[in-house]
Amino acid sequence: MATAAGTVPQIEEAGGVWSWVTTVDHKRIGALYGLTALIFFLLGGVEALLVRTQLATPNGQVLDADLYNQLFTMHALTMIFLAIMPLGVAFFNYFVPLMVGARDVAFPRLNALSYWIFLSGGVLLTSSFFLGGAPDGGWFGYAPLSSEEFATTSKAMDFYVVGLLILGISSLMGALNFAVTIINMRAPGMTMMRLPVYIWMTLITAFLLILSLPVLTVALIQLLFDRNFTTNFFTPQAGGDPILWQHLFWIFGHPEVYILILPSFGIVSEVLPVFSRKPLFGYAAIVFAGVSIAVLGFVVWSHHMFTTGLATVPQIAFSASTMGIAIPTGIKVFNWLGTMYGGNIRFTTAMYYAVAFIAMFTIGGISGVMHASPPVDAQQQDTYFIVAHIHYVLFGGAIMGILAGVYYWFPKMTGRFLDEGLGKLNFWLVFIGMNLTFFPMHFLGIAGMPRRIYTYDSGLGWDTWNLVATIGSYTIALGMLVFLVAFFRAMRQEKTAGDNPWDAATLEWATSSPPPEHDFDVVPVVRDRDPLWYDRDHNIEPPEVPEHQHIHMPPPSYIPVVLALGVLLLGVGVLSHLAVTALGVVVILYSIWAWALEPTD
Amino acid sequence: MATTPQTMHHTTTGIDNRKLLMWIFLANECLFFGSLIATYLIFKGEPMPGPLADDVLNIPVTSASTFVLLMSSLAMVLAVYGAHHARPGMMKVWLLATILLGLTFLGFQVYEFRHFAHEYHLGLSTNQFGAAFYVMTGFHGTHVGVGVIYLASLLFASMRRNGLGRETGFHVETAGLYWHFVDIVWIVIFTVVYLIPA
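For the record, the sequence lines run as chains G and Z.
The first sequence begins at 0 in numbering that gives the first Met the number 0 and counts up by one.
The second sequence begins at 0 in numbering that gives the first Met the number 0 and counts up by one.
Hints are computed from structural coordinates only; laboratory data are not their basis.
By construction, the Cβ of each residue, glycine as well, lies at the ideal position given by its N, Cα and C atoms.
Watch out, some of these pointers could steer you wrong.
[Stated by the list, open to error] Just a few of them, taken from the derived set where beta-carbon distance is under 8 Å, the chain Z residues facing chain G:
1. 12
2. 14
3. 20
4. 24
5. 31
6. 38
7. 41
8. 134
9. 136
Please put together the full structure from these sequences, using the hints given.
Next comes the structure, spelled out in structure tokens:
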């Protein structure tokens with residue numbers, strides 16, 4: 000197998016903070032995304048633990064109502080926008096160019112800009128804890144709870160608006176970049192129907208972001224105007240329409256759910272064939288099921304609003320379209336099972352997580368079909384049943400898939416293995432912990448416990464299951480601690496992984512681990528849907544590496560950081576003083592001009 | 000392949016990466032303006048205190064400004080033609096014309112906003128018509144303003160010794176995509192707000 004040693008000086012060995020600040024290498028940006036998102040994931044976990052500690056016993060005294068509201072809101076915002084989405088983006092960054100056979104993304108500097116704007120938005124949103132209080136109106140910030148009338152004493156909901164607007168800019172830039180990269184930067188022979196399923200899911204996710212984020216942007220701008228510039232879009236007593244906010248939010252919010260889960264669908268579709276030693280069962284069906292989920296995802300948003308008094312016909316239409324999503328999702332689940340059927344399965348930790356993903360996601364999917372029915376939803380709306388459902392989908396689905404990806408791709412990203420023993424321990428603690436935490440919430444919901452209450456009296460029949468859920472959440476925390484131990488231990492190991500330790504089929508395994516800065520010494524030629532297995536079975540040798548080749552990679556640039564700083568100043572200005580906004584505009588205009596004139600070759 | 004990804008012209012589809020980015024970005028903009036227009040339509044016809052659309056809108060004046068914006072698209076087409084056919088003089092003249100027509104449109108909008116505010120006392124807080132109208136047309140105007148800066152940057156850069164370089168036609172054409180899109184959005188807004196009666 001081709002390795003990079005000797006052909007091109009390894010620029011990536013050059014260390015120093017400055018080289019990370021100015022990097023435009025998709026692998027380094029992927030690492031930055033991954034580590035930042037891991038920190039936010041741990042932060043969101045601590046927020047969840049505080050919430051669970053408060054609820055462990057009736058009449059808990061750990062938190063007061065105000066702080067509790069901030070913590071459950073920030074737990075959701077942190078996990079969705081600062082952990083799961085960027086963890087997905089970390090893998091997009093690292094593996095999209097490698098898996099389509101490109102040397103970088105289409106726009107390397109734009110990629111760096113996405114990261115720095117994401118970091119700015121994340122820090123800004125989290126800093127609200129220390130600047131007068133964090134957002135406390137729930138992650139979907141329903142008006143009028145988010146309007147001036149009820150959230151006037153602090154800037155909390157302004158932090159929500161500005162933070163999400165900034166994070167939206169970052170996500171949009173990333174999505175545009177990956178869409179162009181996948182459509183336009185494929186290696187010779189990599190037709191659309193030979194793309195790895197992970198890449199297909201990335202492309203679908205990118206288009207979901209591109210088409211749903213602007214709707215959220217408009218809703219946030221209107222909320223910003225309501226709160227700061229005297230408009231009354233959402234204030235009912237002045238003729239406004241709070242339901243309009245709900246519509247706009249969920250037209251974004253429901254595709255957002257698929258934005259969170261589709262990357263994990265993709266990861267699992269890579270992991271299962273490799274560890275079953277068998278090509279993916281029903282490739283085309285999985286791809287088209289993914290596309291149908293995305294299309295249907297745009298026509299189901301009102302199922303979040305059955306209790307707002309929709310007319311009968313819309314209720315039926317939205318109920319039917321929501322149940323319809325179960326069909327493509329079911330196709331995927333059966334294809335994954337078909338992939339494993341008759342395979343020569345290797346039960347690595349990655350495979351554990353992938354199999355658990357199928358089971359847990361199916362539970363979450365089934366409870367989703369339950370409240371797709373309006374009369375059932377009327378019972379379950381705003382109860383812990385919904386909390387159980389979203390956590391089976393987002394933890395049992397998205398996070399399990401991401402963890403499968405972490406164990407699967409860790410050797411490629413670092414050249415080292417995560418310890419399988421610790422990995423299995425990590426898996427069992429997380430798996431048991433998540434079922435202990437979230438399964439009892441189904442019972443709590445059926446028993447009538449509303450979500451988002453900061454305390455409850457004993458004697459309502461909720462005591463036992465709340466305690467079980469809290470014990471479960473600490474078990475998850477213990478499991479993640481084991482993961483951190485495995486991570487830091489692995490980073491001290493020798494790089495023994497080799498190019499393709501799992502005997503996988505996709506192009507990222509055709510280069511060294513970790514890959515050289517230019518990804519491939521020779522751009523690979525793709526002859527089959529599983530290119531490396533095809534080459535292996537047909538005895539096709541990897542191409543010769545030319546003796547003296549010069550591969551020119553884009554130079555590092557500090558302009559993305561400056562531009563991101565401008566965006567941050569713009570946001571801070573909206574929260575503080577107009578002069579800061581003006582400064583932000585000047586910085587943005589200056590850096591766009593410098594960006595356009597900066598030589599890239 | 001001694002080129003950077005960004006200037007690599009051998010793309011899978013044959014379309015330049017940057018042009019593809021602009022097309023997909025415009026898809027995103029469709030949903031952005033779609034949401035603003037939908038908000039306007041949701042409040043249209045709802046009972047609310049005046050002044051309302053019928054009281055304030057001056058259709059002849061805005062028809063004139065619409066005509067100006069449509070002519071700017073024609074000027075943009077001519078600028079792209081000049082850029083593609085190695086006629087830098089023609090390109091610069093029509094770029095300048097596009098910029099001036101865009102600024103004229105913005106002038107009309109400033110007049111309209113001031114007129115509504117001072118003559119009819121229609122503000123952001125007056126009613127939902129005012130809020131939806133100002134935010135929607137305001138963001139459209141901002142887009143025209145960004146387009147003016149974009150085109151002015153191209154014009155300014157084309158004055159340099161090397162002009163816009165080998166890719167002159169490409170740069171002007173991509174800017175044209177954006178400019179025409181902003182025009183098309185105005186045609187929709189003009190129809191929805193001014194032409195369809197309450």
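Results for each hint:
1. Because the closest C-beta pair between residue 12 (chain Z) and chain G is about 6 Å apart, less than 8 Å, the hint holds.
2. Checking residue 14 (chain Z) against chain G: minimum C-beta separation of about 7 Å stays under 8 Å; hint holds.
3. For residue 20 (chain Z), the interface hint holds, since its Cβ comes within 8 Å of a Cβ in chain G; the closest pair sits about 5 Å apart.
4. Below 8 Å, beta-carbon pairs count as interface contacts, and residue 24 (chain Z) has one with chain G at about 6 Å; its hint therefore holds.
5. The closest approach between the C-beta of residue 31 (chain Z) and any C-beta of chain G is roughly 4 Å, which is under the 8 Å cut-off, so the hint is satisfied.
6. Checking residue 38 (chain Z) against chain G by beta carbon gives a least distance of about 7 Å; that is within 8 Å, so the hint holds.
7. Here the hint on residue 41 (chain Z) is kept, as its CB sits about 6 Å from the closest CB of chain G, short of 8 Å.
8. Taken as an interface hint, residue 134 (chain Z) checks out: its beta carbon lies about 6 Å from the nearest beta carbon of chain G, inside 8 Å.
9. With its C-beta approaching chain G no nearer than about 14 Å, residue 136 (chain Z) sits outside the 8 Å limit, and its interface hint is violated.
Consistency with the previously given hints fails for number 9 only.
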